[in-house]
Amino acid sequence: MKLIIGGAYQGKLTYAVKKFSLDSKDIFDFAGGYPEGQYACYTHFEQLTRRAALSRQPFDSFIDDFPGMAFNSIVISREIGCGVVPMDADERFWREYHGMALSALARNAESVTRIFCGIPEVLK
Amino acid sequence: MKILVLGGSKSGKSHIAQEITDSLAQGGTKYYWATMEPVDEEDSARIEKHITDRDGCGFETIECGRNICSKLPVDKNSSVLFDSVTALLANEMFAGDTPDINAHERVVSDLIELSDNVKNIVCVCDEIFRDGFCFDEITEQYRYSLALICRKLAEVFDAVYEVSCGIMTVRKGRLLLKL
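Here the protein sequences line up with chains Y and S, keeping their order. To convert, count from 1 in the first sequence and add 58; that's the numbering used here. To convert, count from 1 in the second sequence and add 2; that's the numbering used here.
These aren't lab readings, by the way, just hints derived from the structure by calculation. From a predicted model like this one, the values you see are computed outputs, not experimental measurements. Check before you lean on any hint, since a few could be wrong.
[Said to hold, decoys possible] Which bits of chain Y does chain S cover? Going by a derived footprint, with three or more residues having C-beta under 8 angstroms, they are:
1. 60-68
2. 152-158
3. 167-179
Using N, Cα and C, we set each Cβ at its ideal position, and we do this for glycine too.
Build out the structure end to end from the sequences listed, making use of the hints.
As structure tokens, then:
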């Protein structure tokens, strides 16, 4: 799995589409629900962790079930942990859940790339 | 030389941008392009701090927070420290009764025109993209617009630096000075 992270609107998907010659049918957006079948690329991973965190899905089962993990896929996610710790308990729970999920993905990833202002930086 | 300097709040980006502009100017005219339009005492205090920081550094100040191409420097050999893209977008986007969601296109073309009319430009911008907070639609539109501006400038400028706690990381181009 190749993990691509970065802040909001930094050009993560644009980078992935160009780098891996992706077509729109290759891309699944977690903002639109849960995928049926496999895709080459999954984007907005933070939307998936948000739903899982808010429904208090056990973390281990979330990672085990994640469709992007087992295949040679590309996973794109926002980094969301750099702001002020939220007052709201659900928001805090999501933030930590997402941070742990990205770490788990990164451990299994063959590469981790951070996009800053459209510029890629290879972290792993 | 065209440079974009990005960093979080109080990361030291303005100070570093000032040193970069200073070294690029090599004795030529240096302008500090101030964009903040103060609305309260907190803003005024922030402006005072920036003025004190620049005191004795030989910068001439241009105060213009919107429609920047109306104030293009006559001296094409000058160097401009533009502080900040963040404030310029806010001024351009929220000038009217309703937010102008196309303001970023104007900001990009204006900044590129300004950069083409001077010898050196160092643009300072806030990094506001790694927060998980879910903002309202207008704030989110502002974040998106600012990101588009930064990505475009990063593409066409010679160098991009990120500043964290006063430390500079080169994201594009080369390091111009040792700090």
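Quick rundown of the hints versus the structure:
no.	hint	verdict
1	60-68	holds (count 5)
2	152-158	holds (count 3)
3	167-179	holds (count 5)
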